[in-house]
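Hey, can you piece these two chains together into the complex? The hints should help.
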Amino acid sequence: MKIRFKIQRFDPTKDKKPHYQTYEVEAAETDRVLDCLHTILWEQDGSLAFRRSCSHGVCGSDAMRINRTNRLACQTLVKDLRWRRPIIIEPLPYLPIIRDLVVDMADFFSKYEVIKPYLIAKTPPPPTERLQSPEERALIDEAAKCILCGACTTSCPSNWANPHYLGPAALLKAYRFIFDSRDDGAAERLDVLDDQHGLWRCHTIFNCVEVCPKEINVTWHIAQLKKAAALRET
Amino acid sequence: MSVIRHDVIIVGAGLAGSMAALQLADKYDVAVLAKCYPAQSHSSAAQGGIAAAIGNMEEDRLHWHWFDTVKGGDYLTDQDAAKILVHEAPEIVYEMEHMGCPFSRNAEGKIAQRKFGGHTRNYGEAPVLRACFSADRTGHALLHTLFEQLVKYNVHVYPDWVLADLLIEDGVCRGIVAWNMRDGELHVFHAKAVMFATGGGGQAFLITSNAFANTGDGLVVAYNAGVPLQDMEFFQFHPTGIWQRGILLTEGCRGEGGTLINDQGERFMEKYSPKLLELAPRDLVTRSITTEILEGRGIGGKDYVYLDMRHLGAKKIMERLPDVHSFILTYLGMDCIKEPVPIQPTAHYMMGGIPVDVDGQAKINGDKTRDCAGFFAAGECSCVSVHGANRLGTNSLLEAALFGKRAGRQMAEWLHEATLAPLPADPMGRFRERIERFKAAPGGETQGAVRRDLKHLMREHCGVYRTRELLQEGLEQLRELKARFSRIRPATNNGRPYNLDLKETIELENTLTYAEVMMTGALAREETRGGHARRDFPKRDDVNWMKHTLAHKQPDGTIRLSYSPVALGEFEPMERKY
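Chains A and B, in that order, are what the protein sequence lines are. Residue 1 is where the first sequence starts when you use the working numbering, and the numbers rise one by one after that. Residue 1001 is where the second sequence starts when you use the working numbering, and the numbers rise one by one after that.
Pulled out of the complex, with its shape left as it was, chain B reads as follows (with noise of 0.2 angstroms):
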């Protein structure tokens, strides 16, 4: 058995990941593993911006970004984690512009902003300029910009490696399983602490802005090593996603002046939120779409609605959208200076995750013991909870960064007091279990045609509007495809270099396991909040499901839900209007 040891064994290589590893790079023994090169992250998909309250082009308040992302969040956001989210903000910002981060600039020469959905002045009076970008490629901008650093401090990256399995035993966190892809071998990391850093699962849709790394894979390991998952029902479907191809326009095509019209002609989101307009949070724009499409006010009658930018002209368009006119250009053959442009919402982001305290402390009983100790996470594959039922666009760049920064910290603390546990008897065990399964399979069933019902399945009843019957429905139709995807054979035999088949087999199990949570967390929650919509429940119910939920794995592999309180104080809930 071979068996590698670091300090810390961080998975994943996006800005959470990094920014972590960037924490321990001079004093530890600290490793990046990653199924792609670090540059590669799906971090660098993140156009629009990073929030931070800095008022470089008008007055800005820490207070009113706190507001926003707490009512953005539908009121399920732990209002002391986005305190610290909304404080340490501009420091964050900062610090990534003095590692060379490009930003675009303002006349002064600082920090540009822009407006983006549900960031306001005043608590809600009108948008504010409040992301900092670099032209539409922010995420690139940063993620750039902390690869560059890794290499500077030599940071030690694994890249083409997937992880296989979380070694947690008595509440200690041992290390993790990997498989490298270059060899086809399984290897074991020994480490004091680990952390996940492996981003969402979008790949569980059929209209997704995510990558096609996006499958779950860190939620699913953790969650079947008996961490449990919080406020997975909790998902966001971006408002504009290029029709059919889900790829992101994003959010600061509106911010830029961008307006959305429908089949009529009609700006309608005047209808939904007179005040912001465009500039709702998302999870509100994304239902005003979706209405406006069922209720037949789509273009033709389709499933899209047209973005105008027409009138922001060429030189706007050009300075501060290129990617975004690039884009529509390669895969519509359309000029958006010229022409408006067909989207729909496309899946996007997932509010809920490994829960974790604002140290990325993971916690398994949703309290702030120390019950499975070494073991961290950040960015969109954990919970803090910031982002609540609905996360704010921009906020995510800002948590990736800044969580992982913190969890990056709080390893350092760690490993100052940690020993290196002894590894489980047998660490391999469950992985090897795993791959014998897909030996032993009939076969006669594809990954491919069990992924697409799934994307198909995940679309049609746990989408932006669902109802007891669909998501049943949903359910019972889930289970006839765990059962044909335990036909699947994949290639698994050992040596062969990068495997994609095996390594695909391996993601859509998680994906499948990743669905059914979502939807089993989505069937209990009878109440519509953030970007959890129910037809059946169209109210928000405060005095039922004012809770986080946690979905943890039974030894029979059935899901059992329980709840933990919400963290208020500050802001009192109320109807959320724009």
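Next comes chain A alone, as it looks inside the complex (with noise of 0.2 angstroms):
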């Protein structure tokens, strides 16, 4: 069957602004937005620009906005999508457009470094691995998934309005280690989280879960994160 995309272009170097350009491809309804993409670049437009690599929804590189939602484009298939109307591919928002699809990821990644993003253990480590119970382990099960695709700090209307704000991506990961039994970091990073542009900043609209390809429940954590900053001694 023939679906058609409406893809925005953007090319920096020449244009003033974004535009869209339509383009027609003979699909099956399991194919991925992804493969469709590939048929626009391989048969029909070399120039179209879009970042991918493993193509099945672990490198985190496709996440695109597909029909107004951030989605990663290889894990997305047509069925998902009502393909009887163009399907229109965008950036990720709020991010500087490198070309077409392809954005600039150094303030999502900026963001993620200023939380400190490693494990900080004040003991010095035993001869073989530290202990952690698998019960432990599950509190930072869901967001140890996250794989960086950016879908959810761009969806996120809290980072809109105020570009300075960490985003769900930089909680989630502060999350991670300070849920992590392992960790002694908690009080530094949350000097980091308790701050104007930190966690509360998060109005709890919930934009970042319904995004996250992963189906990691952001909010929660970033709840988690707002009670141990709420209930620690100043």
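By construction, these hints were calculated from the structure, which means they are not laboratory data. Computed from a prediction, not measured in an experiment: that's the story for all the values here. Positions of the beta carbon are idealized from the N, C-alpha and C atoms, including for glycine. Warning: the hint list may mix true and false statements.
[What the hints assert, rightly or not] Which residues of chain A face chain B? A partial, calculated answer using Cβ under 10 angstroms:
no. : residue
1   : M105
2   : K116
3   : K145
See the structure below:
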């Protein structure tokens, strides 16, 4: 069957502003949106630019806006969309566009770096592993699934309103370490989070939860951080 | 000409590259260059585990792991290198844990371990719990842990850069040429040491578990610069890829108890591997599935069999194989708790690569002399050789982290004495010629069509089973494909941001060379060993073929093969039964 795509195009070295281009692709209902983008790239228009790598929702490189919702192109099948109308493809919003669907993630990763996204242990490591019970490990299971695709942070209205807001992905990463039984860095991380651009900017809008391709309940994790921040002695 | 200087430039930000960078970060100016952002590297797609005989669940021994690795490699494994692999494995796993890797845990709070193909207790008696895992996201967990450390130690990363050339002159490596996708400009990286950690080339095949990034770039760039490639004919097809898509379903599915079923409802591995059944090494399981399909016992006579996990139950599947469950649901619309899943072998891993010693130093002449001083490699793009003719599952995450670390340490040693060797007269020349060739191409051919035909060709002619006729025809057709490739004219204008068309054309040319080297080695090797199965030579031939292949690029572009000895010693080669 024929599927129509309306794809946002933008070359910052040439174009003043983005425009849309329409393509028609022969595809099956079980094809991924990524397969259709490849058909366009390889058979119709070599000038289209997008990121992708693993093609099954693990590397996180092909997050984009598909019918106005942030999704992974490799994890979205044609049948998941109302494909009788043109499928609209745009880059992740609120990030600088390098070209077409390729965005510059530098700002996203700078927010990740701020929250000290690594284990902080005050005791020297034992000769074997640090022990952690399955229950303790379960606390960070969902948070550790994050693939850093950026779908959540760029879907967050609080982030749109205040670009300095750390955003859901960075907060989720902070949770992943603060609630890791092996970690001793909770206080120094909460100092970063308990800030005007930190976790109180989360107004539980749940956009992040709706778009997360790994089905992580990001807002719940941010709520745990808020509790931890509110309860700590100052 | 823009020249960027660092002490060390590492190409590839997966497990091997990141681990190496961390060994240097405190003392040296090290930079990592990659086609993608570091956490998007293909190490993240590894699912099932990382091997180490730490015995958290039951008795295990380093010597058993060593034996399994050598036998699993069909005795082409260099036994001294494999000894290092298994002996340093516990240290690597604990180090990753200390860095914060979220391993799954057993009831005692120790790292949990599961069974995996070819890993046995007591020299082949029965499967052993050896694979340390983080659900079915072990690669993701390890890669993100290392990325976190790159952030912590503030390692400089160049994302969206494509490797263009390797600069070796008079036996000394001087740097690389790379192409910045962001602005389309070429740059020279002038360094005292260069390391490739560029992964494999599974994109040569139609059905593959490999990422689009896995086009064999590092291998072919090294090869074109005069470095030979070792044992390239040995390629692993993972037994369980999602039918038609090739998406990996970890061996952990079988490690947790999943079975393989043919059209007659038979658990057919009973015929091929009475002792280890579905947990035989991958080459054997893949050949068994392929035989079942070729003999008409695929499901409904088609080219797949069933992976049955129903008896594992919802709890175990959701706890230990949650991603597998979700992949099957997303891409097949099936629930593996309730239904058996159609699978077929998928092109997965390259045993061969850039020949290196156990410290990651590349070897041009197949010996230990430093004849390309300052050039290092680790991970899938390298060949140590710890995997021999067939890699065991979970030994690759181990290899990447462990030999990445060793290469990093060795580079630190090298930097004590190394000076910045002058750049060649025209460092960008070779790559510019390539671009000029593209510009002068007549057009009328698309890279999409050539890529598609290459993938079909490799599947038909250099797949699970090979013959002389298939390989000869394949090489002939490959020459036609190369001729067609030379007509492709991608967009080459300078200053154009993220020129995917040009990047893919460069990658496709790399993959064509990669495929030619693989088929040439496969045609010459007249025996069946590990991941190289010849129908016309169905037995292993230790008298004539107990040796590593080295493929050298000749000045006229043709391939010359030479051979080097295998390091034997501890384990006497014997018939490989499981």
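>> A closest beta-carbon separation below 10 angstroms is what the hint needs, so does A:K145 meet it against chain B?
In response: The hint holds - A:K145 has a Cβ within 10 angstroms of chain B, the shortest such distance being about 7 angstroms.
>> Under 10 angstroms is the threshold here; is the Cβ of A:K116 close enough to any Cβ of chain B for the hint to stand?
In response: holds (8 angstroms)
>> Hint A:M105 vs chain B: min CB-CB distance below 10 angstroms?
In response: holds (6 angstroms)
When the structure is compared with the earlier hints, no violation turns up for any of them.
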